[in-house]
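In the working numbering, the protein residues as written are 1 to 289.
Everything labelled a hint here was simulated from the structure, so no lab data went into it.
Just so it is clear, the structure is predicted and the values come from calculations on it, not from any experiment.
Hints are not guaranteed to be accurate.
Derived Cβ-Cβ restraints for the label pairs, each shown as a range [stated by the list, open to error]:
{"hint": "1", "residue 1": "Glu148", "residue 2": "Ser33", "range": "15 to 21 Å"}
{"hint": "2", "residue 1": "Phe25", "residue 2": "Arg198", "range": "36 to 42 Å"}
{"hint": "3", "residue 1": "Arg280", "residue 2": "Ile18", "range": "46 to 52 Å"}
{"hint": "4", "residue 1": "Arg198", "residue 2": "Pro235", "range": "44 to 50 Å"}
{"hint": "5", "residue 1": "Arg283", "residue 2": "Trp194", "range": "24 to 30 Å"}
Just so you know, even glycine gets a beta-carbon here, dropped at the ideal spot from N, CA and C.
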Amino acid sequence: MTSLWRRHRWWLTPTLLILPGAILFAVVILASSVQSLWISLHDWDGFGPMIWIGLGNYRELINDPQFYVSLKNNLIWLVMFMLAPPIGLAIALLVNQKIKGMRVVKSLVLASVAVGVVFTWVYTPEFGLLALIFRAFGANAPALLSDEHLVTFAIVIAALWPQIAFCMVLYLAGLNNLSEELIGAGRVDGARGWNMLRHIVLPQLTQVTFIAIAVTVVGALRSFDMISVMTRGGPFGSSSVLAYQMFEQSIFSYRFGYGAAIASGLFVIMAVFITWYLTRIIRAEERGA
């Protein structure tokens, strides 16, 4: 047995290490995705028998005005969330400086991750922080969470707070692993400021940037928690996104088949983006090699 292990440990060891994660991924992700796709082909209230309707849920989805409102809001989330990686990088570059007092600033930024959930009170037009700012200029604060045209932007701004902090943490980790030899060589060649950042620092943060953008996009597409806490999709569904619409249809309307159809559509959107993004990264690395 020992000799058999020694002969095959070159593939047995990595297989045994990867196997638990692979099983978990297969059960939690793959099996759940297949089951969700199967449910989307049925009319099901979550309790009784499932009734086969084929593509009926998808035909209804195409003709559902709320679906396009949710999809538009997801696009707004996606565009605005793209601010998180560059702002996170800028803050990381700032707090990574060896300047007196930067440790205090760093701790304050990290501690503010939890502040996103209190933006409901910040936006309150009667006594929130926004109301105090407007009152100082002799004006009344707008009821952002009650305005169907502004509510999505208000929620995304709140959600950007923790997302920027998350990207900042990623970039701080990357900055702490920069090659001192390359930085020293750049200084010898006269690289300073923007040239140092562009030609020496940013190329070493490519992998961090890949992770930051991928996580940010996925976070924008599956946005749910901030909407649930702040508006519950209101007013009149104007702030809903695909993930929240899926939840609402499944849990509150007992339409698990229709909710699964929305989830399948969201899964396809994410899969298309991830495939496109990975393809671009691989091609860029091949050109660089």
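We went through each hint and held it up to the structure:
no.: 1; hint: Glu148 with Ser33: 15 to 21 Å; verdict: violated, 33 Å
no.: 2; hint: Phe25 with Arg198: 36 to 42 Å; verdict: holds, 38 Å
no.: 3; hint: Arg280 with Ile18: 46 to 52 Å; verdict: violated, 27 Å
no.: 4; hint: Arg198 with Pro235: 44 to 50 Å; verdict: holds, 45 Å
no.: 5; hint: Arg283 with Trp194: 24 to 30 Å; verdict: holds, 27 Å
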